[in-house]
Each structure stands twice: as C-alpha cells, then as structure tokens.
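**Student:** Make the full structure from the sequences, and use the hints.
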Amino acid sequence: MNNFDLLATHYWYPLYPHLAHSHFRLNSETIINTWIMLGIGFLLLLPVRRLLRKKDGIARYLAISFVSSFVDLTKQTLGTLHRRHFYFITALFCFIFLCNLASIIPWVEEPTSDLNTTLALGIISFMYIQYYAIKKNGVKEYLKSYLSPFFIMLPLNIIGKLASIGSMSFRLFGNIFGGSIISKIWTKVISGSVLWESVGILSGMNLLITGFFGLFEGFLQAFVFAMLTVTYLSIAIQDEGEDEEVYEGATL
Amino acid sequence: MIIEWAEFLHYLTIGLTVGINSIGVGIGEGLASAAAIEAINIQPESKNDIAKISILGTALIETAAILGVTISIIMLLDTSTPAHPFYSRLGELGIAFAICLSGFTAGLFSYLPARAACFATARQPFFGPKILRLMLITQSIIQTPIIFGFIIAIFIKNQAVQAETLSDSLRLLSAGICIGLGSIGPAIGLSRFAESACEGLGVNRKAYEKIFPFTLISQAIIETPLIFSLVVSMLLLVWKVDSCNPIAGIAFISAALCMGFGTIGPGISSGKTASSACKQIAINPDTYSTLSRVSMFSQGLIDTCAIYTLLISLLILLFH
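Residue numbers (our numbering), protein chains in the order written: chain A, 2 to 253; chain B, 210 to 529.
Calculated from the structure, these hints are not laboratory results.
Take the hints with a grain of salt, since some may be wrong.
EDC-like, lysine to aspartate or glutamate: derived pairs with alpha carbons at most 16 angstroms apart [what the hints assert, rightly or not]: (1) B:449 - B:373; (2) B:366 - B:287; (3) B:488 - B:418; (4) A:185 - A:198; (5) B:261 - A:73; (6) B:261 - A:218.
A short list of chain B residues far from chain A (calculated; beta carbon distances all over 12 angstroms) [as the list claims (entries may be wrong)]: (7) 224; (8) 229; (9) 250; (10) 253; (11) 295; (12) 368; (13) 371; (14) 401; (15) 450; (16) 455; (17) 470; (18) 485; (19) 521; (20) 523; (21) 524; (22) 529.
Just so you know, even glycine gets a beta-carbon here, dropped at the ideal spot from N, CA and C.
**Tutor:** Structure below.
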C-alpha cells in the first residue's frame, strides 16, 4: 500500500509571497473540478429550451417529470408551494447530484469528496433555514425558541442545531469520499495489465462500481441532503393547523 | 518486537473499525428491508411510499458503515512515520472504539424507526409523506453518535502521529473510549423512541401535530448524555499532559470509563420513558400537555445520573 498517493491534493496560495500560511491556501483541484462540472451542467441545459418546444419528445417528458416531482416534494413537505424554497431545494439537489456524478468523467474527481465543499453546502442550507425562521417568527420568537422547553436547555439547543450542519455535511462527504476511494482502488488494481483490464470491462465490474457509487449513491445522497434541508425548513417555518387540510380530502 | 506490536495494533484498529461496524449495519439494513417487504404484503397499494421509506432508511443506516470505511481507508493510505510507533498506534486504537461502538449500536438499532414507518404507512396509506418526514428526521438524529465519533476519530488520527509518551497515547485512547461507550445508551434510547413515534403516527394520524414537536424536544433530551461524553472527549483531546506524572494515563482512562458507562443507563431509560409517553399521546392526543410535562420532568431526573458521572470524570481530570 506504499507509494499509493490517493489522498494527495494540490494547493494554491493566491497571496503567495506575503501570506503563505496554511489558512490562506485554496484546494485548487476542488475548485477546478467544481467549475468543470458547472460548465458541463450549463452545456447540458443549453439545448433544453429547444427540446422543450418539441411536443411528445422524451426530453420534454423527462424535464417535466423532474420538475413536477420536485414541485410535489416541496408542496407536500411545506404545505404550500413557495417558489423561493422550490428554487433553492432544486438548485441544491442539482448541484450536489452534478458534483457526485463527476467520477464518470475521466480525470475529474468529485468536488463533494472534499470536506470543504460539503461543509460549505451544509452551512449554506443552515443559514438559509435560520434566515427564513427569523423572517417568519421575528427575532424575539426565534431567540426564545432556543430556551424551550426550559432555559437550561440553551447549550443543548445550540449544540443540537449546529450538529445538523455536521451530520448533513459529514454524511455527504463520507459517502462520496468512500465511493471515490473504492473506485480509485479498483482502477489501480486492474490497471497495468491487459488481462485484468479486459476482465474488468467484460465482467461488468467497472460498470457496476461506477453505476453504484457514481449514479446510485450520488443520487441517493443528493436526495437525502435536499430532503433533510426541506424537512428542517418545514420545521423552522411551519404553520399550525395548516397541514391537516392538505390531506383531509385524500383520506376520504 | 515492539515494532511488530505497533503494526499489529495499527491493522487491528483498521480491521475493527470497518468490521464491527459492518456487522451492525448489515443486520440493521436487512431487518429494515424485510419489514418493508412485509408492509408491502399487507398494503400493496402503497408500495411506492413504502419503497421510498425503505430506500431512504437504508441509505441513512449505511452512513455508519461508510464513515467506518472512510476512516479506515484514510488510516491505510497514510504513509507518515510516527516518532514513536508503539505509542502512536496505541493512541490510534481509540479510533476503533470511537467508530465501531457507536456505528455498531446506531446501525443495528436504527432499523427500528424504518420498520415502524413501513408498517405505519401500510396502516395509513394516504399519510405516507408525513411518516417519511418523521422517519427522516428521527433517523438523522440517531446518526449523531456516529458523526460525533467520526469527528473525534479524525482528531485522534491527527494527534496520534505526535504521541511520544504512554500517557499521551492513553489520553487519545481514552477520548475514543469515552465517545464510543457514551454513544451506546443514547443510540438505543433514540432508536426506541423514534420507533414508538413512527408507530404512533400509524395508530392515529390526527396526533401528528402533537407528536412532531414532542419528538424534537424529547430527542434533544435523550441526546444530553451523548453531548456530555462529547464534552469529556473534547476535553481529553485538548488536555495538556504532564509528562512527569505516570498516573496521568490511568486517570484519563478512568475518566473516560466513568463518563462512558454513566451514559448507558440514562440514555436507554430516558428513551424508554419518552417512548411510553409517545404511545399514550398517540392513543389520546388530548393528554399531550400533562404527559409531555411528566415525561420531560422524569427525563430530567434520569439525566441527573449522567450529570453525576460528568462531575466525577471532570474531577478525575482536574485532580489526578
């Protein structure tokens, strides 16, 4: 296992001669990979407008079913469809899913296998939820919610809120990082001999590993992240008694 | 000879971290999936909702195994040579305790809310999205012990290279033991409470308005012993070791054992208290205010045991 430098990354010191401290360094691979994936996402979106004009196309069906499934998700969880929250949740899901898919493209690594990216995503969703909680209830009620049910619970409430950032970002990071390491080890094992490489291709093992860790695990983790965000959001901004009406008709 | 022992400890840590974790997670995922299939048998119409619950539930249970794999791969690929191999590897053994005890327990027991949610959806087919929501929240809170263990493990990993004395390595080992033992009780309590909350929705969907806030508050109280042991672990990680004092290592280990074992009873029993209250609220939502007050009061009394052990372990740390 020596000389097997999977964890090495390249660093970039933007303020090099003056501030070469490790606090001021950037993880250049992550930034480049993120921009590559954003560019690919943008290129994928360009033809969608033209495809949407065509009636009875499969692209039109896929796009509409994707959007409507997220509309349903937001509506069911938040009670009513808030456009702003819908945009946020969908954008979060698309970005994370795109980042998780990066491993199927050669020479590109998942930006989400870097803890900095997932922590940033966790902090973004946390801040968004806190902003809307304050906007909904006012500063006084918001601060009072930290003291419920007793005032002794203040430190526990604060730790509990902050732990949600950790749990969301570490879950995403751990899953994607573990998957990317496993596929890298598999590539290392089969590379170097024509026999092993052909075994890898013909047995379908390459496809299985990429499909499972890239597509399935990536989709699942992105969905879990978006779902947890929307659920925490619904707790923060919930209206009392409003939710019951949505399901009253369905049960009858 | 000492080098061989150091290598043995190193690979033992890696093996335990991923192996013990996977046993719990494997059993838990299997039971959750089996429950989903049984629930589909009972109510075939709601198979989409039940399948969604089962997939998301198993994905959340999987977190424990994946975090174990991640930390063991990081350890396996790390090529840095420690200054003192044996003490460094002995400290690394704390990672095994931190990850495998919490991962095994949380992985094994977090099938309970998934199973209860599947059967609840079979009973209340049109209420699936809300049951899914409750299950997601409760399960992601059950994951907290593993996340805490993972964070502590990363800190131990970073500090283990510099460990040069026996007390220093025992300090790292005891930080791992503390969070590992400390997560067993709260994980079991959280899972049992989450199970009865999901079951309660299946019994009476009108009780949702009462059960949901009760769940959030109760899980925060059940988690209290876990946060105490996190505090002690963090203190152990930043503690300055007096290298002249040979007793220091033993004091660290005993503080960790004190805090760790002290959380098991409070975690389990406060979970049981809250779960009985939750069952009664589901049957009769009008009694919510009385029941929640009584339940919180008794949970507070139960948690005083954890506070006593926290006090004693802090005293051990201060006056050894």
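**Student:** Against this structure, judge whether each hint is valid.
**Tutor:** Cross-check of the supplied hints:
For the hint linking residue 449 of chain B to residue 373 of chain B, the alpha-carbon distance of about 13 angstroms falls within 16 angstroms, and the restraint holds. The straight-line distance between the Cα atoms of residue 366 of chain B and residue 287 of chain B is roughly 10 angstroms, inside the 16 angstroms bound, and the hint therefore holds. Taken as a hint, the residue 488 of chain B and residue 418 of chain B pair is honoured in the structure, with Cα atoms around 14 angstroms apart against an allowance of 16 angstroms. A distance of roughly 14 angstroms separates the Cα atoms of residue 185 of chain A and residue 198 of chain A; the hinted pair therefore holds under the 16 angstroms criterion.
Proximity of residue 261 of chain B to residue 73 of chain A is assessed by CA-CA distance (about 14 angstroms); at most 16 angstroms being required, the pair is judged to hold. For the proposed pair residue 261 of chain B and residue 218 of chain A, the alpha carbon gap of about 15 angstroms is at most 16 angstroms, so the pair holds. Against the 12 angstroms criterion, residue 224 of chain B stays outside the reach of chain A, whose nearest CB is about 14 angstroms from its own CB. The claim that residue 229 of chain B is not at the interface with chain A holds, since no C-beta of that chain comes within 12 angstroms of its own (minimum 17 angstroms).
A cut-off of 12 angstroms between C-beta atoms confirms that residue 250 of chain B is not in contact with chain A; the least separation is 22 angstroms. Separation of residue 253 of chain B from chain A is adequate, the least Cβ-Cβ distance of about 18 angstroms exceeding the 12 angstroms criterion. The beta carbon of residue 295 of chain B sits about 20 angstroms from the closest Cβ of chain A, which is more than 12 angstroms, so the claim that it is off the interface holds. Every CB of chain A lies more than 12 angstroms from the CB of residue 368 of chain B, the least distance being 17 angstroms, so the non-interface label holds.
With a least CB separation of 17 angstroms from chain A, residue 371 of chain B remains clear of the 12 angstroms interface cut-off, as annotated. Residue 401 of chain B, annotated as away from the interface, keeps every beta carbon of chain A farther than 12 angstroms; the closest lies near 19 angstroms. Its beta-carbon lying about 25 angstroms from the closest one in chain A, residue 450 of chain B satisfies the requirement of being farther than 12 angstroms from that chain. Chain A leaves residue 455 of chain B outside its interface by the beta-carbon criterion, the shortest separation being 35 angstroms against a cut-off of 12 angstroms.
With 12 angstroms as the threshold on Cβ separation, the claim that residue 470 of chain B sits away from chain A holds: the shortest Cβ distance comes to roughly 21 angstroms. Once the 12 angstroms rule is applied to beta carbons, residue 485 of chain B is consistent with being away from chain A; the minimum gap is 18 angstroms. The beta carbon of residue 521 of chain B is kept farther than 12 angstroms from every beta carbon of chain A, the shortest such distance being approximately 20 angstroms. Under the 12 angstroms C-beta cut-off, the non-interface status given to residue 523 of chain B relative to chain A holds; the minimum distance is some 15 angstroms.
Every beta carbon of chain A lies more than 12 angstroms from that of residue 524 of chain B, the smallest distance being close to 20 angstroms; the non-interface claim holds. Every CB of chain A lies more than 12 angstroms from the CB of residue 529 of chain B, the least distance being 26 angstroms, so the non-interface label holds.
Every hint from the earlier list agrees with this structure, and none is contradicted.
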